[in-house]
Amino acid sequence: MSAFPDVTGLSLSGAGAVLNYNGLVQPDRVHASLYTSDAVYREELEQIFYKGWVYVGHESEIPAPGDFVRRNIGEEPVVLLRDRKGALQVLKNRCAHRGNLIVTKERGNTKNFACVYHGWVFNLNGQLLDVPYPNGFTRDRKDYGLEVLPLVESYRGFVFASFNPDAGSLDAHLGNGKQVLDRTVEMSPVGKVKLTAGWVKHKFYANWKMLPENDTDGYHVNFVHASFAKVLRSHYDESLLQSEDDMKSETIDWGNGHTELNLAPTYTKEMEWLGYPDASRFPAYVAALEEAHGHERAHEVLRAGPPHTVIFPNLFIAEMNVVMFEPRGPNECVQLHTPLLLEGVSDALNERILRQSEAAMGPSGFLLADDGIISERQQIALKAGRSWLDVSRGDARERTTEQGATIGHVTDETTNRGFWRHYKKVMTR
Amino acid sequence: MQLVSVEEQRQIEALLYKEARLADESRYAEWEELVDDDMYYWVPVGGLEVDTPQAISVIADNRKRLSSRVAQLKTGMRHAQLPASPLCRVLSNIEIEKLPEPSQAGAREYAVRANSILYEMRIQSTQTLEVWPARVEYKVRADAAGAWKLFFKKVMLVNGSEPLSTLGFLI
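In order, the protein sequences belong to chains A and B. Residues in the first sequence are numbered from 967 upward in steps of one, following this note's numbering. Residues in the second sequence are numbered from 6 upward in steps of one, following this note's numbering.
Any given hint could turn out to be false.
Derived DMTMM-like pairs: lysine to aspartate or glutamate, alpha-carbon spacing no greater than 20 Å straight-line [what the hints assert, rightly or not]:
#1 A/Lys1071 / B/Glu114
#2 B/Lys23 / B/Glu106
#3 A/Lys1167 / B/Glu135
#4 A/Lys1158 / A/Glu1317
#5 B/Lys154 / B/Glu167
#6 A/Lys1167 / B/Glu37
#7 B/Lys69 / A/Glu1317
#8 B/Lys159 / B/Glu114
#9 B/Lys154 / B/Glu135
#10 A/Lys1169 / B/Glu167
#11 A/Lys1058 / A/Asp1109
#12 A/Lys1169 / B/Glu135
#13 A/Lys1196 / B/Glu37
Simulated from the structure, these hints should not be mistaken for lab results.
Just chain A, same shape as in the assembly:
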């Protein structure tokens, strides 16, 4: 396992993870091999994606019994579904017999799952119902079901799961992340969002951790997105493109690896976050929010807008988008996005949200296309795995709140430090 040279103090620790993450992840810098090493990547799959809670989908994607969507958790193909009784279920997408991929459609509705290889049939809870030519199969069918993930739980419609029965409660994992999801659904007057517009999948030839790190990095915006700022007026003009002292936005480390770029302190006008000078175009939305939240809270929601927050390890509430991260080896990852459509609002407002999503996100997005290329250049420069990345910016000027959050200047690496602090904790658990 001595894949890396010198300085890192890499050694066989004997327990749990093999690599010395205390050496690789330091308070003010992280080692390049964390982005490039196959050994690190394999351990991340185990420690982060298979031992912890991960985001797997949204209830609005599977509204009716029998509805399912294919997903990946780490590199494990799974199916998120609603069973006959309406309960959420996550099954491994792999026949218990000879390992064939059972569900090949992205989404659909079904009464049961039939494997086309040898005809085994399973119900929506993974139980083996039928084995063709049964005389030759004398084993107990109870032992040959599809593997069921032991933990599946929804918070405000966002569904999380774990392969590990001892992963602890979702409540503990989300921690301060709960109020992020509360603020997300609060954008809807009926407290519900719907992820029904489909997904765009953007491939980065870069390590998956660059996605959560870059997505709540406020420092790069002035530089990477200069061309965007030059041709389009947007809410980022006020929130991120000012001089250092004038910037009011914040980086927040909520704990547990959940990190936020809080743009709200900059907004003075309502619906600025959707590119409007005020909310006058959507009077019905304003009235419905007032009805739902009361006048004062409704207008605070209209001003402050949605969160811009990563929920560790693979969910990003990107304002009016929901984003999932998928690791694909140390040198490749996929960022999937869908617009955060609201229940209880006009089609016109949802179409605006969708069109904004297309403008910003994905392989051709005015923003994300540039982020993708920068991440790939980082990956090239880090390839040898022999250098360090600095995450020290602003470590002397951040403050801690009563809820245990750490808040920094919008250009500070408070969010990176928050990500890596939690990373080290889970990689050494």
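With chain A held as given, fit chain B onto it using these hints.
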């Protein structure tokens, strides 16, 4: 289906080949001159049950957004295309149909189908070759004065529903 004359076919193919060449050479301003004021430039994800406007697309530019896209490329700060990818696309299987009811008075309008295979060298990052195979639908018109422009281009990528690498050029 209305058949088109050999002359019409030659003019339309010349327009599409020119559009392909200007896109290949990242000559953004000249490329934009080939599109009309009602241009819709669309790269759907594909494989979805729902269609626009309810479904997300990779690109769904009306004329205004397309102007912004071209303007962004022209800033010299669009990192996704700095430097611009060397591109080479081949158009084939061109089928042309005359539209019976043109949307502009005095114009002749045509629907065109083609297959396109585009090679991209990603010199701005990975320095690897990417292939973008697609079926393409165009709508083109000759105005009353006989000037040709595109007003619709839909690029249906064979791999549109799969993870796509950064697509910063004009496809």
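So, against the hints stated earlier in the document, which numbers end up violated here? Hints 1, 2, 5, 6 and 9 are the ones this structure does not satisfy, whereas the remaining hints hold.
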